[in-house]
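Asker: So the protein sequences, as listed, match chains C and X. Each step along the first sequence adds one to the number in the numbering used here, with nothing skipped, and position 287 is 287. Each step along the second sequence adds one to the number in the numbering used here, with nothing skipped, and position 90 is 90.
Derived by calculation from the structure, the hints in this document are not laboratory data. Misleading hints may appear alongside valid ones.
Said to hold, decoys possible - Here are some chain X residues the structure puts well away from chain C; computed CB gaps all over 12 Å: (1) L18; (2) A31; (3) D41; (4) R73; (5) Q86; (6) T94; (7) L108; (8) R156; (9) N170.
Unchecked claim - If we take Cβ atoms under 10 Å as the criterion, some of the chain X residues that face chain C in the derived model are: (10) R56; (11) D110; (12) A113; (13) E135; (14) V178.
Backbone N, C-alpha and C define an ideal beta-carbon position, used for all residues, glycine too.
Chain residues, written in single-letter form:
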Amino acid sequence: MGSTGPATPAVNQGPGGRPGHPLAGLARQALRAPVTGRALRELAFCAIEGPLGLSVLAAVAALPALGVLAALLAGGGAGTFGGQPRGAVSAYGVVFVLLLFALLVLVPGGARRLAGVHRGLVARLLGERIAGPPPLRHGRGPARRLAATLRDGPGWRAAAYLLVKVPVAVVELYAVFLAAAGLANLLYPFWWPLFRNHPPGVRLGPVGALTPFGTLWVGTYPGTFAVFAAGVAMILASPWLARSASTADRWLIRGMLGPGKLAQRVADLEQSRALAVDDSAATLRRLERNLHDGAQVRLATLAMNLGMAKEKLGEDGEVPDPGAVRELLDAAHQGAKDALAELRSLARGIHPAALDNGLADALATLAAGSAIPVGLRVQVPVRPAQAIETIGYFCVAELLANAAKHSSATRIEIRVTERENVLVLEVSDDGTGGADPSRGSGLAGLGQRVAVVDGRLDIVSPPGGPTRITAELPLRA
Amino acid sequence: MTLRVVIAEDAALFRAGLVRLLEDRGHRVCAAVADGDALLDAAARWHPDVAVVDVRMPPTHTDEGLRAALRLRSEYPGTGVLVLSQYIETRYATRLLAGSAAGVGYLLKDRVADVAEFAAALARVAGGGTALDPEVVSQLVRSSGHAAGLATLTAREREVLALMAEGRSNAGIAAALVISAGAVEKHVASIFAKLGLPVSEADNRRVLAVLRYVGA
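This is chain C alone, in the form it adopts within the complex (with noise of 0.2 Å):
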């Protein structure tokens, strides 16, 4: 939320705004403010949320309605009402108990629903997806169903919004209110002359305007104009009354009727786990082909050579052709040499040695085999787990990858530091820029393995260059 309210007037974007001159844009902001989408958009906001807001205040009036009601369930059940005073007050009470602990019940499901109504409203009309609390889990029974309506934490939250949130509605409706009645006293010149041309003489009685300070009578053709500058100065302030409100009560709604801070860890949980799940067996799989492809080709080819060789030794005696045989051992020589470094990179590949002696050593082998020259700095003095540095590295290794293949870097630097229990890897190239998570690179799958360990990655790769990406993983996974 970069906006400003009328408050902060010296920072240079208003609602809709573009930079400029400052007074220049102000003024032109200003102006402008009130009939851009967003302002439109959070005035409709207003225009609803206000109404919907201030109609639990009739719940509250409900109560004595309430009152009513077990009088007259009391008086029906206990005789007449006057006949037996006693009786008849204690049943009273009871029905009102029973009456006022239904309504209990139904607090929570109710304000949920209500809930729905509010996250549609911001998501529609303010453009915020928010997501709901997880639904109510409870079980078989009324018995359990009953605890777990009184227990529901989401719901009873969602009432304390409604409650919270009247003194917000307050203010939506009266920016709705400066809007409307803005508009309408901009049009008092226009209709006064059709409609106040009595002849002279004739006295007619002045006409109210609605103000913020109250109501302006207006007698006469120039007292409009004092109305329309009223409507003037009421349309430019709504739209901001309107963004403080709204920017409020979606501070609530987030609040209060999000998913709640635990519910939305285990949201996260769930998902990274699922992400690691996914991306271990995506691994293994990789793992597979990679021996399918390469080493066990390499391997059957070999045995097949040197059974071909074998065949032209013969069993004994002289050698038909040792041409033959002299260049089917040289391809399986050579298939044995291929295999046993193909077999090697793919082990690498699992866990780096190096990376036993630390994330320092294993950079420096990683950075001495990049072609495009590295600067490493490692400052890392306590060490972190090692399933920690076998993510940091491998995410160097990628981001290595990446430069070399898509930057035209000249250099690349590593620089590796620890800052508050968390390890953070930056690297950074000289090369084009443009680095983008989104169009199918392997940085989106990056971030989903930092975030398994509830790591984050920070892209900063303008088009043009430079580039910088940061890696922060905690300590301990």
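Following the hints, put chain X in place on chain C, whose structure we already have.
Answerer: Using the frame of chain C, we list chain X on its own:
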């Protein structure tokens, strides 16, 4: 005897080795292709005696070789199909053998290293016989180890059964186990008796019967 062979194998290195091996033995390699569709095209064009087919090929790298082999079997019954693979999958074996074990082979790629045996297996398949990897047989036997009767076989009879399922004749079994042909006949008769199978003359029917019994 010169065989006309079509090879389908996506690993260029191994394919070239196969071509050389077969040509060294005097066979004629009509076509060496890298995927299942090309295999079917080549079969339509050359009507080879036998096709050597890798299971895993592009585009999906799962079982397109096997599927091509099955189509080959139904569309060109006269062409033997020898399937090569780096793994033995019992399911693949049962799919391949469904219906008939005539002119079918399923071998691990490793077997190619024993050139003479591989060439013999190829000739057997081309001639309408069977060549099953010992691994296939032992897996099939293991997966149906609960079958009644199988447990009653002696160790020697199991060996004979395995060789029988590989597609060997009694003489071949006798040579492999270094026993007399008469002894083999005795074992075979005993196996059939214990498994309750009618005695038959053709090798293929023996294999088929055995495989049917072990659950293929």
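Asker: Taking 12 Å as the cut and beta carbons as the points, is L108 of chain X off the interface with chain C?
Answerer: 9 Å, violated
Asker: Would you check whether the claim that L18 of chain X is not at the interface survives, using Cβ distances to chain C and the 12 Å cut-off?
Answerer: 7 Å, violated
Asker: Mind checking the CB of D110 of chain X against every CB in chain C and telling me if the closest is under 10 Å?
Answerer: 6 Å, holds
Asker: Is the interface hint satisfied for E135 of chain X? The criterion is a beta-carbon contact with chain C at less than 10 Å.
Answerer: 14 Å, violated
Asker: Evaluate the condition: distance from the CB of N170 of chain X to the nearest CB of chain C exceeds 12 Å.
Answerer: Consistent with the label, N170 of chain X stays out of reach of chain C, its closest Cβ about 26 Å off (over 12 Å).
Asker: Is T94 of chain X truly not at the interface, in the sense that its beta carbon sits beyond 12 Å from all beta carbons of chain C?
Answerer: The claim holds: T94 of chain X sits with its nearest Cβ about 22 Å from chain C, beyond 12 Å.
Asker: Confirm or reject: R156 of chain X is not an interface residue toward chain C, with every Cβ-Cβ distance exceeding 12 Å.
Answerer: Check passes; 29 Å lies beyond 12 Å.
Asker: May I ask you to check that D41 of chain X keeps its beta-carbon over 12 Å from the closest beta-carbon of chain C?
Answerer: Given that every Cβ of chain C is farther than 12 Å from that of D41 of chain X, nearest at about 24 Å, it holds.
Asker: Identify whether the interface hint at A113 of chain X stands, where standing means a beta carbon of chain C within less than 10 Å of its own.
Answerer: 3 Å, holds
Asker: A cut-off of 12 Å on Cβ-Cβ distance, and R73 of chain X was said to be off the interface with chain C. Does that hold?
Answerer: Holds, since 24 Å exceeds 12 Å.
Asker: Would you assess whether A31 of chain X, listed as outside the interface, keeps its beta-carbon beyond 12 Å of every beta-carbon in chain C?
Answerer: Holds: least Cβ distance 19 Å, greater than 12 Å.
Asker: In terms of Cβ atoms, is chain C entirely out of 12 Å range of Q86 of chain X?
Answerer: Since the minimum Cβ distance to chain C is about 5 Å, Q86 of chain X lies within 12 Å and the statement is violated.
In terms of the numbered hints stated before, the structure departs from hints 1, 5, 7, 13, 14, listed from lowest to highest.
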